[in-house]
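Asks: Protein chains in written order, with the numbering used here: chain W, 1 to 111; chain F, 112 to 223.
In case anyone wonders, no lab produced these hints; they're calculated from the structure. Here the structure is a predicted model, which is why all the values come from computation and not from measurement. All C-beta atoms in this analysis are idealised placements derived from N, C-alpha and C, irrespective of residue type, glycine included. Watch out, some of these pointers could steer you wrong.
[What the hints assert, rightly or not] If you want the footprint, here are the derived chain W segments under chain F, 3+ residues with CB under 8 Å:
| no. | region |
| --- | --- |
| 1 | 40-50 |
| 2 | 101-109 |
[Stated by the list, open to error] DSS-like mimics (lysine-lysine), calculated; alpha carbons at most 25 Å apart, straight line:
| no. | chain 1 | residue 1 | chain 2 | residue 2 |
| --- | --- | --- | --- | --- |
| 3 | F | Lys181 | F | Lys204 |
| 4 | W | Lys71 | W | Lys57 |
| 5 | F | Lys167 | F | Lys210 |
| 6 | F | Lys210 | W | Lys57 |
| 7 | F | Lys181 | F | Lys167 |
| 8 | F | Lys204 | W | Lys57 |
| 9 | W | Lys71 | W | Lys14 |
| 10 | F | Lys170 | F | Lys210 |
| 11 | F | Lys210 | W | Lys71 |
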Amino acid sequence: NAGVTQTPKFQVLKTGQSMTLQCAQDMNHNSMYWYRQDPGMGLRLIYYSASEGTTDKGEVPNGYNVSRLNKREFSLRLESAAPSQTSVYFCASRGQGNGYTFGSGTRLTVV
Amino acid sequence: TQLLEQSPQFLSIQEGENLTVYCNSSSVFSSLQWYRQEPGEGPVLLVTVVTGGEVKKLKRLTFQFGDARKDSSLHITAAQPGDTGLYLCAGLKARGNEKLTFGTGTRLTIIP
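Next comes chain F alone, as it looks inside the complex:
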């Protein structure tokens, strides 16, 4: 059973376009993280959101945690080829819980 479902699974868009990736669950998470993974490397943490409704911005990337803390979204404005990669959301069920649960991933390709 996959607790975190990401959509879309694959996305290929032109440079300069905007996009949104979704991470959904029926479970409540105390915090949610987004990672980006490039080929041959491990995931790298982009952001952590902990409060329902929280919005965080990282340059052209905007992350939002749902009010009920069951879902999250990643919006990229004016996508660039350097944004290409596998984006993973991951959630912690409770503070102090050691088990980070990962989503299924969204493979993003930005075409120059």
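In isolation and in its complexed conformation, chain W is listed as follows:
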């Protein structure tokens, strides 16, 4: 019953460092998403992938890149981290129907 697995759970970066957030789902879902969650802002879509081999920008894509490595995996990369990217990041997937399954999140702090 893994569902959506995100790694790491916590990360502290210095400004300018890079890192990749990993996400994998085992439900054979076509669509995958990356959201960030900030206090009072709800969840905002960064990037999404409607199917293997395709990616599209969401509401707040600046400063991020994504890779849909295969049907299971969708990674989010910060090339040069900034304090404004301090947030909790959630990966999600969607199969038949409209319900999303979320991972448990990555809490990122950029100092």
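For chain W, the structure is supplied; the task is to place chain F on it using the hints.
Replies: Showing chain F alone in chain W's frame:
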């Protein structure tokens, strides 16, 4: 611009009381979902409503989609401490649209 506004933003009530959370927009949605999120976890889907005027019940939780499909409400009867959490509404603008837009959230605390 936040397409979905939730109210109240915070709510703290005694166990056993009833409450209603609202999710409002000026946009029409093809469907609307409600999620509950607990600390340190991702949101978990509670319900999806797709028809204007639709009412769905999940034990003590009643969800309603507005007739014009621009708003929704969540009513909890006889709240329990286990209902504590962040409640999020989220809407899809059109069938087949990939982008789920989330509301601002309502943080609910039930006091034993």
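Asks: Evaluate each hint against the coordinates.
Replies: Checked hints:
Three residues within the 8 Å Cβ limit are the bar, and the region 40-50 of chain W against chain F gives 8, so the coverage statement holds. Here the region 101-109 of chain W counts 5 residues with a CB under 8 Å from a CB of chain F, which clears the bar of 3, and the coverage holds. Under the criterion of a C-alpha separation no larger than 25 Å, the hint pairing F:Lys181 with F:Lys204 is consistent with the structure, at around 10 Å. Of the supplied pair hints, the one linking W:Lys71 and W:Lys57 holds, its CA atoms being roughly 18 Å apart against a limit of 25 Å.
Taking the CA atoms of F:Lys167 and F:Lys210, the gap is near 23 Å; set against the 25 Å cutoff, the hint holds. Proximity of F:Lys210 to W:Lys57 is assessed by CA-CA distance (about 10 Å); at most 25 Å being required, the pair is judged to hold. A distance of roughly 17 Å separates the Cα atoms of F:Lys181 and F:Lys167; the hinted pair therefore holds under the 25 Å criterion. Restraint check: the Cα-Cα separation between F:Lys204 and W:Lys57 comes to about 16 Å, which is no more than 25 Å; the hinted pair holds.
For the hint linking W:Lys71 to W:Lys14, the alpha-carbon distance of about 32 Å lies beyond 25 Å, and the restraint is violated. As the CA atoms of F:Lys170 and F:Lys210 are separated by approximately 29 Å, the hinted pair breaks the 25 Å bound. Our distance criterion of 25 Å between C-alpha atoms is met by F:Lys210 and W:Lys71, whose separation comes to about 19 Å.
Of the numbered hints given earlier, the model fails hints 9 and 10; all others are met.
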